[in-house]
Amino acid sequence: MNFDLRLPLGLIFTLFGLMLTGYGMVSDRAIYARSLGLNLNLGWGAVVLAFGLWMGTLALLARRKRHTKPR
Amino acid sequence: MNPTLSLGGIDYAILIIYFVFVVGIGWVLKTHMKGSSDFFMSGRSIPAWITGLAFLSANLGAQEVIGMAASGAQYGIATSHFYWIGAIPAMVFLGIFMMPFYYGSKAHSVPEYLRLRYDEKTRAFNAGTFAVMTIFSSGISLYALAKLLESLLHWNFNASIAVSAVVVLVYITLGGLTSAIYNEVLQFFMIVFGFAPLAWIGLRDAGGWEGLKARLATAATANHFAPGTYTQSWQHMGSASSNPMGVEWFGLAMGLGFVLSFGYWCTDFLVVQRAMAANSMSAARRTPLIAAFPKMLFPFLVILPGMVALGLMQDKHGGFALPTDAHGTPDYNMVIPVMLGHYLPSGLLGLGFTALAAAFMSGMAGNVTAFNTVWTYDLYQSYIAPGKSDKHYLMMGRLATIVGVLVSVGAAYLASKFNNIMNLLQLVFAFVNAPLFATFLLGMFWRRATGHGAFWGLLSGTAIAAIHHGVTLPIGNEPGVKGGWLGTVLHTYPSEMAQNFWTAIFAWTGCFLITIAISLATKKNRTDAELKGLVYSLTPKAVPLHEPWYERPVVLGVVVLGATLALNLIFA
Chain A
2 MNFDLRLPLG LIFTLFGLML TGYGMVSDRA IYARSLGLNL NLGWGAVVLA FGLWMGTLAL
62 LARRKRHTKP R
Chain B
2 MNPTLSLGGI DYAILIIYFV FVVGIGWVLK THMKGSSDFF MSGRSIPAWI TGLAFLSANL
62 GAQEVIGMAA SGAQYGIATS HFYWIGAIPA MVFLGIFMMP FYYGSKAHSV PEYLRLRYDE
122 KTRAFNAGTF AVMTIFSSGI SLYALAKLLE SLLHWNFNAS IAVSAVVVLV YITLGGLTSA
182 IYNEVLQFFM IVFGFAPLAW IGLRDAGGWE GLKARLATAA TANHFAPGTY TQSWQHMGSA
242 SSNPMGVEWF GLAMGLGFVL SFGYWCTDFL VVQRAMAANS MSAARRTPLI AAFPKMLFPF
302 LVILPGMVAL GLMQDKHGGF ALPTDAHGTP DYNMVIPVML GHYLPSGLLG LGFTALAAAF
362 MSGMAGNVTA FNTVWTYDLY QSYIAPGKSD KHYLMMGRLA TIVGVLVSVG AAYLASKFNN
422 IMNLLQLVFA FVNAPLFATF LLGMFWRRAT GHGAFWGLLS GTAIAAIHHG VTLPIGNEPG
482 VKGGWLGTVL HTYPSEMAQN FWTAIFAWTG CFLITIAISL ATKKNRTDAE LKGLVYSLTP
542 KAVPLHEPWY ERPVVLGVVV LGATLALNLI FA
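Just so you know, the sequences run in chain order A and B.
Our numbering numbers the first residue of the first sequence as 2 and each following residue consecutively.
Our numbering numbers the first residue of the second sequence as 2 and each following residue consecutively.
Bear in mind the hints are in silico, worked out from the structure with no lab data behind them.
There could be a bad hint or two in this list.
What the hints assert, rightly or not - Some but not every residue of chain B turned toward chain A, in silico, with C-beta under 7 Å:
#1 Val21
#2 Trp50
#3 Tyr183
#4 Pro198
#5 Ile202
#6 Tyr344
#7 Pro346
#8 Ser347
#9 Gly348
#10 Trp486
#11 Val556
Just so you know, even glycine gets a beta-carbon here, dropped at the ideal spot from N, CA and C.
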C-alpha cells in the first residue's frame, strides 16, 4: 500500500510539540503550581516535538528513496 | 461528588486536531479500498511494526487504561501479573506456535479457522457468540466514554454518544480495517505521550520509588497486610488471605496466566485480526512479539498512577482524594481522570485527555472492525447470501459497520438504563471464552480432535463455567449476578477475582477433557490432507527464511520472556 503512516504521525506530533512548547513559553507560570512548579509543557513538548520530527524525517527519507529508485 | 476537568482553549485545540487527523486518515485510505479483502484484511499488506502496535492498541481500550489504574490503586503492584504472567507469555505463544496456522491457513477470521479445522457448527457457534460479544463490548466502551465526558466536562450525554459514534463510524466506513489499524497506532503514541508525564510527575510527588514504597507500606499495614504487600508482586501470593486480590499463586498462574490470558490473546479475533493483516508470514508472527515489548512496560504507564493515587490518599491532608460513594468507598475508576486534573497543566492536560478519549474510541473501533468481518464472512456470506460478487460483500461490510455502530449506540443506552444486564452479559461472554483456548490447543496440536468433539467440548465447557459460577460466591455477596444463583453455595471465594480465575480453570479443564473423550468416540471428520497447514504435526516445518537474527520469532520470543522474567524478579 502506497501510504506511509510515519508521515501523519510526524505531522501530528510535530504540530502538538510546537503547540506545547509554544504554550510553555508564553503561559503564566502560575498554572505550573499543580505540576510541582515544573514547566511540563515546555519540557515534555520538546520530547513530543523531537518524536514528530524524527517520524517525519524517516517518512521523507523513505519517500525520496522510493522516487530515486530506478523502475 | 465528581471532579471536574477545566479544559482551556489549547486543550480543546489538541482534542479537535486529533479527531480531524483520525477522520482524515480514513478519508485518505478510502481511495485504497478496492475490494473486500482490502476492507476486511487490509489486503494483507501492512508492515509488522504497525500491526504490532495496533495489536497492542486494539486491547488498550477503556478497560485497560481506566481498569488497570483502578486495580493498581486497589491491589498495588500485584496488578502487574495481568502483564508479566498473563499477557506476555500468551503473546509469545501466539507468535511462535499459533500464528503459523492462523496466517498459513488463509482463513479470513478465527471462526473460519474453526470451520477449516473442525466443522460448520463449531464455527457458527463461535461466530455467533463473537458477533454479539463485540457489539456489546463496543456499546460498553461508548457508554463509558459518554459517561466520562458527561461527568468531567459536563457535556450532554446524548451529544457525547452521538459525536463519538459518528467519528468511529466515519473512519471505519471509509477506510475499513486499515483505517482502524492506523488509528490504533496513532492512539498508541497518544497514550504514551499523554500518560508518561502523568506517571512520572505522580511518582516524583510521592517521593520517588522509595517514597512510594514507604507510603504504600502505611496503606498495607492499615489494611492488615504485610508492609510490602502493595509493592512486591510475588512475595505475598503464598495464600489467598495475605494479599488484597484474595488469590494464591496456583489460581493466579493457572487461572489468569494460563486459561484467561491464553484464551484472550490467542483466540480473540479482535486482536488476532491485526496480526492476520500483516504483509507476510514472518511479519504476522512478529506482530504479537513486537507488541510484547511495549506491553511489558505498560504497568509503569497504567498501574503506577494507581499505586501513586493509593499512596497519596494515605496523607489525608495532602489534597489528593478520589470521589467516594455513599458508603465512603473510593471510586477507583476515577484514578486517571482525577490525576489528570490534579497534575497536568493546561496544554498537557489536553494531550492526556485526548489520549483517554482515544482509548475509548479505539476500544469501540476495534470491536466494530472485528464485528463487520465476522458478520460478513462467517455469517452473511456463509449462511445468508453465498456466492455474491466481491463488490457486494464490500458493500455489506460498510453496511455492517453502520448497523454495528447503531446497535452499539443502543447497547450504550441499555447500559445506562440497566447496568446489571451488562454485568450479566459480560459474565456470559466469560463463560463462552474461557473454554475456547482448549478447543484451539487441541485443534492445532492433536490431529485426532474431531468436529463433534470440539463442538460438544466447547458447549460443555461453557456449561461447566456457568454451573461453577452458579454454586460459588465471592465473600460478602448475595446470591445473584455475582454467583450462587443455582440455589446452593458449595464454596465461598475470598474475592471476585479468585472466583473468576477458578471459573476459567474449571471451564478449560472441562472443555479439554470432554473434547478428548468425544473425539476418541467419534470418527475423524477431516482427512490428514485436509488438515495440512492447520495442525502442527501435519504441517511441513517452515524453511528458515534468510531473515536477520533480530527478526526471527524465536529470538524475539526468548528476549521478551527473559526480560519479563527479569521484571518479575526485580519486583517480586
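List, from low to high, the hint numbers that the structure doesn't satisfy.
1, 2, 10, 11
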